[in-house]
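Peer 1: Sequence:
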Amino acid sequence: QLPTLYDFHFDDVKLKWVPWTNLVSKYVHDPQVKFIDILVPTVDTTRISWLLEQMVKIKHPVLLVGESGTSKTATTQNFLKNLSADVNLLLTINFSSRTTSMDVQRNLEANVEKRTKVTYGPPMGKRLLVFIDDMNMPRVDEYGTQQPIALLKLLLEKGGMYDRAKELNYKILKDLGFVAAMGKAGGGRNEVDPRFISLFCVFNVTFPAQESLFSIYTSILKGHTLTFTEELQAICSKVTAATLQLYESIVVDLPPTPSKFHYIFNLRDLSRVYNGLVLATPERFQTVGQMIRLWRNECLRVFHDRLINEIDKTLVQGHIAKLIEEHFPSVLEQAIRDPILFGDYRTFMNEGEPRIYEDIQDYEAAKALFQEILEEYNEFKAVLKLVLFDDALEHLTRIHRIIRMDRGHALLVGVGGSGKQSLTKLATFTANCEIFEIVLSRGYGETNLRDDLKALYLKLGIENKPTVFLFTDAHVAEEGFLELINNMLTSGIVPALFPDEEKEPILGQIRDEAMKAGASPAKESIWQYFVNKSANNLHIVMAQCKRLEGGLDKLKEASIQLAELNLKLAEQKIILAEKTEACEALLAEISINTAVAEEKKQLAEEKAFEIEEQNKVIAVEKQDAENSLAEALPALEAARVALQSLDKSDVTEIRSFAKPPRQVQTVCECILVMRGYKEINWKSAKGMMSEANFLKVLMEMDCDAIGQNQVKTVKGFLKNLNTSFDEMQAISRAGAGMLKFVEAVMGYCDVAREIKPKREKVARLERNYYQSKRDLEKIQAELAAIQRELQALSDRYEAAMRDKQQLQEEAEIMERRLVAADKLISGLGSENIRWTKDLEDLKTRRVRLLGDCLICAAFLSYEGAFSSEFRSDMVYHEWQNDVLRRQIPLSQPFRLENLLTDEVEISRWGSEGLPPDELSVQNGILTTQASRFPLCIDPQQQALNWVKRKEAKTNLKISSFNDPDFLKQLEMAIKYGFPFLFQDVDEYIDPVIDNVLEKNIEGQQGRYFIVLGDKEVDYDPNFKLYLNTKLSNPKYQPSVFGKSMVINYTVTLSGLEDQLLSVIVAFERKELEEQRERLIKETSENKKLLKDLEDSLLRELATSTGNMLDNVELVETLEETKTKATEVNGLQES
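Per our numbering, residue 1 is the first one in the sequence shown, and the count goes up by one each step.
In case anyone wonders, no lab produced these hints; they're calculated from the structure.
Quick caveat, the model's predicted, so the values are computed rather than measured.
Be aware that a few hints might be false.
Computed beta-carbon distance windows for the label pairs [as the list claims (entries may be wrong)]: (1) P1021 - R355: 55 to 63 Å; (2) K1030 - R450: 56 to 64 Å; (3) L156 - D1092: 43 to 51 Å.
Built from N, CA and C at the ideal position, the CB exists for glycine as well.
Please construct the entire structure, taking both the sequences and the accompanying hints into account.
Peer 2: Structure (structure tokens):
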């Protein structure tokens, strides 16, 4: 194929055309760069980047349009990232179907600052470049407007917007630039106002050529395997070729359908395969077989895990096996061996060891690893009761793989109770992440969610904690929550989450870290660092379940639980009886031991009292003896003091006498007697006094040891001595001291003799006291032992009672659950059957929705003006046969009434006066559901009467074109949202109401109005317009059919028969006609009531968490539903 002009670039320096291929820079692999940040330059990215550069230079808005996966976003972000941060600030806004103009305005206002009174913009000297991704995603409102687009159009055309505060001041925004990207309309994307598109320079981004894709992914894989074996480096091209072949086959064989709407595969999926491949390390992957096995795992995880049936799964597995056989036949057997489990959790328990992505090999190895991790989780976190069967291990490994990847997010779909949340929590723990969940409360709304998200982002960005945000369908209290989650997934943060006053402390905490990482000091750059850091630490896991299907599963679950509970309750009652008997035996033993303990305690108390009394007597006697003894002690102490006054020379003087004075000898002999010497003579006395410590021994003598005979002998010596102290002092100083001492001792001995009986009594009493004390200690020891035994018995009894109480409570819970399960199963027996059938019908109808919607839309657009026969032939023959011939799925038998209304609504119409025949029901559908206001051809006035009764409660206004003030009445109805009926319309319709018929609603500054005549009338969306004519065959201009929905209400034969019967009955049996009308009305109300109750019950069933049988509200709702249903059925039967 020859090159085109688009393949060349004009070099304005060399003044010649140069191929774009010459300008593509070479890709150099950097192992330190995260996979999500890799962009391999190609001809397409180079060309688009150059175009973006030119548009930004001339400050013109630019829009890139292309299919999903054409690298619009990646190329734009890469271009913007490389712009000078000194003069450019970046803001990314991701649109979704829920994005509102207020979201956009809040985002813009959060990134500009006030310059003058009405002028706002980025900091002076800088330009704010706003990148809007998925620009055509916002939903189209009932007026055909995309509100965010309308706001941007105002901003681009007029250079400002209105403050949404009360004052509605106009703000001028300066120094803003816009770059946008969007996919082609379709699949949730909408057509954008062409006037708005005209403000941009638009470029189409095509899919990269096969050569470009091959170059991109081969370059990445070759760069990563530079440190691997040559054998592995050589297969990089083959791996890429096989991956591209697989991708093309899957896109062709598995297109998205109504039942498989998520079968959307694009180039992002190719990138995810390679994201997994670059986790390989040269230590673990050394052979071709190991690498191809990894490639198979990544392809299965990316393409296979989202598939919903075995046929599709087998198809993909077959494609993979065929490609391995074609490109790598030598390793086919090794590569396709199952199970295939890859993860980096083998070294989780070995703290400090690197986490290496590897083949776990088999279920046994994975189970052993996760069992150990589960035990660790249960020890340090909450107890998680999991049975790690093979499917659970596979899901656990898949979830863990996603969380371990950079910015990996997961959507888990399955029935409630299938383990989505439990497996996510264990996988989170295994990935060394924290779990974060919101806690719903009454009135929980977007403000509460934003507060919770602030706490989450502080944990992510400030505390640097990798965190998994687990978000279930039960958390979707408002649909707007999903918009916030979408922003977190696409841009990494919720727009305007933190107001300026809350941003400042965050910037202060992270500024140093950001500047070390290379961020500029500008606060916008610091904030972007915080956002990127938070996004890198965030993993969102959304766990969703089916509703109707989930409700039925809960009923099946209740049936299973009922059988299990009956068995467990029988076993529990036996165990409870045994526990009760054991408790009674323990109680009897405790009673006996308590009596023994009380007896011992009484004995101990009596003994203690006895000892206390003895102690009192001893104290009195001892005090009396000590008082008597105290009289002699001073004299004895004085004698000892006198001895202290003697020294060794005084004693030596006495001892030197060969024949001492008689008085001195007698005193010395007294001392000999007192000390117990046998020989009483001077020689013995001299020997005694020659002792080294003679005086000290005398002073320390135990006077109580002197016997009565010794006292008598000494007293005899003293009597014969007949010498006073003064006389002895004159003879010998030492002799006088010793005399004084002997006399004092004798005095002491006289007193001691008198108190001896008292002292003996005290000693005896003390012996008795100590014996009693020993007896008391023995009794107390026995009492303590009995009390310990009693405590042990009491502990056993309490434990047994706790077990008994727990068993009793469990039994009561089981009985309560049995009652609840019985109520659920018996009460919902008919609902279970009906809902199961409804579910199957829904699954079938979902497939046939395409053809059903096609014919229904055609009916609502074209069939109103035709007769019953023409409608029937067109819908049920021509159109139906054509749809079936084109093999478009279509419900059989196809009935408009089954798809566009229901029995409840038909019954209500009947109670309001609309006949029940097929034509009338179709007319009711056209009147209420057509996009244009109805013009009813109504010669029999059926439509007129029905509309009057139908809108009676909503303040219906009735007029005609002949009424001179109809315009004023219409104006009031439009302004205040009242229904308005033009009756007696002829073939001329006043063109003054054309704007109303065409719904030419205009919006300006938040106000919606319609031009009626020469006035702008505020438009209330509740306004309805009906036109009714008595003409049976009016000749309207073709424009009337375009402006209104012309509906032919001409009565049919069957409808006429029914009405004539009513007239006759009303005439003949007025009470029967009134009863009939009343019954029709009651039946309609009852059917609506039953539907509301069933919806409530089904919602409770599907969203119930924990054990469904413990949900009191669910059971009460069931009882209420069944009671009311019984009442309604009774009323209908009667």
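Peer 1: Determine for every hint whether it applies to the structure shown.
Peer 2: Here is how each hint holds up against the structure:
1. P1021 - R355: 55 to 63 Å: Holds, since P1021 and R355 (Cβ atoms, about 57 Å apart) stay within the stated range.
2. K1030 - R450: 56 to 64 Å: Holds - the Cβ-Cβ distance for K1030 and R450, about 58 Å, lies within 56 to 64 Å.
3. L156 - D1092: 43 to 51 Å: Because 47 Å falls inside the window, the suggested range holds.
Going through the hint list in order, the structure satisfies each hint without exception.
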